[in-house]
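Number of protein chains: 2
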Amino acid sequence: MSLVIVGTFNLDTIETPKERRESIVGGSGTYCCLAASFFTAPRIVGVVGEDFPRDTLCLFKEKGIDTEGLLIKPGKTFFWEGRYAEDPNKRTTIATEVNVLKGFRPQIPEHYRNADILFLANIDPDLQEDICVQMKNPRLVAMDTMNYWIHTRAQSLLNVLEKVDVFFANDEEVRMLTGELNLITAGKRILEKGPSLVVIKKGEHGAIFIAEDFVFIVPAYPSEKVIDPTGAGDSFGGGFLGYLDKVDSYSEGDFRKAAVYGSVLASFTIERFGIDRLSSLTSEEIESRFAEFQKFVSF
Amino acid sequence: MSLVIVGTFNLDTIETPKERRESIVGGSGTYCCLAASFFTAPRIVGVVGEDFPRDTLCLFKEKGIDTEGLLIKPGKTFFWEGRYAEDPNKRTTIATEVNVLKGFRPQIPEHYRNADILFLANIDPDLQEDICVQMKNPRLVAMDTMNYWIHTRAQSLLNVLEKVDVFFANDEEVRMLTGELNLITAGKRILEKGPSLVVIKKGEHGAIFIAEDFVFIVPAYPSEKVIDPTGAGDSFGGGFLGYLDKVDSYSEGDFRKAAVYGSVLASFTIERFGIDRLSSLTSEEIESRFAEFQKFVSF
Numbered sequence: 046m047s048l049v050i051v052g053t054f055n056l057d058t059i060e061t062p063k064e065r066r067e068s069i070v071g072g073s074g075t076y077c078c079l080a081a082s083f084f085t086a087p088r089i090v091g092v093v094g095e096d097f098p099r100d101t102l103c104l105f106k107e108k109g110i111d112t113e114g115l116l117i118k119p120g121k122t123f124f125w126e127g128r129y130a131e132d133p134n135k136r137t138t139i140a141t142e143v144n145v146l147k148g149f150r151p152q153i154p155e156h157y158r159n160a161d162i163l164f165l166a167n168i169d170p171d172l173q174e175d176i177c178v179q180m181k182n183p184r185l186v187a188m189d190t191m192n193y194w195i196h197t198r199a200q201s202l203l204n205v206l207e208k209v210d211v212f213f214a215n216d217e218e219v220r221m222l223t224g225e226l227n228l229i230t231a232g233k234r235i236l237e238k239g240p241s242l243v244v245i246k247k248g249e250h251g252a253i254f255i256a257e258d259f260v261f262i263v264p265a266y267p268s269e270k271v272i273d274p275t276g277a278g279d280s281f282g283g284g285f286l287g288y289l290d291k292v293d294s295y296s297e298g299d300f301r302k303a304a305v306y307g308s309v310l311a312s313f314t315i316e317r318f319g320i321d322r323l324s325s326l327t328s329e330e331i332e333s334r335f336a337e338f339q340k341f342v343s344f
Numbered sequence: 046m047s048l049v050i051v052g053t054f055n056l057d058t059i060e061t062p063k064e065r066r067e068s069i070v071g072g073s074g075t076y077c078c079l080a081a082s083f084f085t086a087p088r089i090v091g092v093v094g095e096d097f098p099r100d101t102l103c104l105f106k107e108k109g110i111d112t113e114g115l116l117i118k119p120g121k122t123f124f125w126e127g128r129y130a131e132d133p134n135k136r137t138t139i140a141t142e143v144n145v146l147k148g149f150r151p152q153i154p155e156h157y158r159n160a161d162i163l164f165l166a167n168i169d170p171d172l173q174e175d176i177c178v179q180m181k182n183p184r185l186v187a188m189d190t191m192n193y194w195i196h197t198r199a200q201s202l203l204n205v206l207e208k209v210d211v212f213f214a215n216d217e218e219v220r221m222l223t224g225e226l227n228l229i230t231a232g233k234r235i236l237e238k239g240p241s242l243v244v245i246k247k248g249e250h251g252a253i254f255i256a257e258d259f260v261f262i263v264p265a266y267p268s269e270k271v272i273d274p275t276g277a278g279d280s281f282g283g284g285f286l287g288y289l290d291k292v293d294s295y296s297e298g299d300f301r302k303a304a305v306y307g308s309v310l311a312s313f314t315i316e317r318f319g320i321d322r323l324s325s326l327t328s329e330e331i332e333s334r335f336a337e338f339q340k341f342v343s344f
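Chains as they are written, first to last, in the numbering used here: chain A, 46 to 344; chain B, 46 to 344.
Don't take each hint at face value.
For chains that are exact copies, the list does not tell them apart, and a pair is met inside one copy or across any two.
[As the list claims (entries may be wrong)] With a cut-off of at most 27 Å between alpha-carbon atoms, the simulated DSS-like pairs for lysine-lysine come out as follows:
| # | residue 1 | residue 2 |
| --- | --- | --- |
| 1 | Lys181 | Lys135 |
| 2 | Lys247 | Lys340 |
| 3 | Lys270 | Lys238 |
| 4 | Lys63 | Lys233 |
Simulated from the structure, these hints should not be mistaken for laboratory data.
Pulled out of the complex, with its shape left as it was, chain A reads as follows (with noise of 0.2 Å):
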């Protein structure tokens, strides 16, 4: 039982049509090691400025988030700038600045590197491949990407590919790495060039599991209250591979729990803004919404 997490920690200036937000913590792997943490204790790996808050990095220790990978560099935090429109599947960003992210290559701490799992968050497919090379044989490897690193650097991608086992991505994401329009048959090609089992995230119209024997469709929660929608793909990663650690198993029956987990803290995330929601939530949220979701698909 054991699970590193390999991923950005920004800070994020956030515009939705209702409200703005500047500067607040976000970015995959906040998300994702908050989603996990409700499940079992993720060790992460990445790199924050100086000026990355104290609260979160005591927040991380209370939720008992092994932060010894997390490098804290002189200069200023990787930023985001983001705007959703009226929809909030419609976003654009607005400016990015990579600051301490510059020629970062991640030091996988020593006692990280036997863990079970592995999850690379979005994150540069360069450092992705540098973090596999570091492990030393995880159970399970996973990885989630974005559509600046399939358009500029898909041959770094489709190398890290080859290595992972559990492949995330949206659904814009899948059509633009396979050329398929066909959601079925890009998760089929991707299931050809390494990973047995391909996640595509639908946002509000919830997730499709893709293995070479089972499929497997779970829903997003029917949210009313979309605040900000800011990480939910990250949670929803961090939620599934939080539980998979652990149960400790990684059969059928478990991804799919695991993905009605993820479906479960992506819902959350999205109720408020940054990580607001997730810094408050509790266990027992999460078994009641669980439990919320076996009534939506009950037949």
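Since the structure of chain A is already known, use the hints to place chain B on it.
Quick look at chain B alone, frame taken from chain A:
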């Protein structure tokens, strides 16, 4: 046990990126009654011209469909021409010829009037209301509609809405009708206008059923073979109501199973042009796919 279906019976010309079919049989009533015929003996109401194929009328009878309410008038059958983009969710209407549908006022045959279930498939809302008045207290009334009627005849549509128990529409239509972007909120708004169940069809993303006291989410079949999406929504409604009529009970549990049968029927329709797939479909194929749906969502 008796189901009356009112709808259009068309000749359609359909163009997809790969193929074009001219003047093939289509229409909301056609897809709906064929889908329902796997569960019950639907009674249909509508009008066709003298050019409507005899073969299809024979097929209706073979399938146990009561065609007494289907008027054959001198002139040409209602005609629709549409074109699908590479993304099968995007379609454009190229032409519409009202033909024999012009001035049509449906007369419900006497032996239809005591039916348990009335399904007002997509047709002019004034005709839908006409039918409601002629029926003698059906136990369940359902309606479908389309963006054209919401645009041009919102008030007529709202009048019908007050009288129905189940309202079917797609996501775009539900948003248009309520001015609400969030589908769950939009669904709840429509519940306030009369129906006790709102069914939001989302194409490849399945459908959401919203009632006062439950939400049910049914996926679409993860199909790789989408040849012609025409009639998917009508087949969904036909499968749904056909099943309810068969079990002769309208509990929440019945609605859930009926929803899956709806999605199963829709998934077959799109595998070939027009009604080709429904014409050759067997009950065994339906049951087998129903069982597959159980596997898609079980956790």
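One pair to classify: Lys63 and Lys233, alpha carbons no more than 27 Å apart. Within, between, both, or neither? Between copies, since 22 Å is at most 27 Å while 40 Å is not.
Could you place Lys270 and Lys238 in one of the four classes (within, between, both, neither) given a Cα distance threshold of 27 Å? Between copies only: 22 Å across, 38 Å inside.
Identical-chain pair category, Lys247 with Lys340, by Cα at 27 Å: Cα proximity of Lys247 and Lys340: in one copy and across copies (21 Å, 20 Å).
First find the shortest C-alpha distance between Lys181 and Lys135 inside one copy, then the shortest across copies, and answer within, between, both or neither for a cut-off of 27 Å. So Lys181 and Lys135 fail the 27 Å test inside a copy (40 Å) and across (48 Å) alike.
The structure fails to meet hint 1 from the earlier list, while all remaining hints are met.
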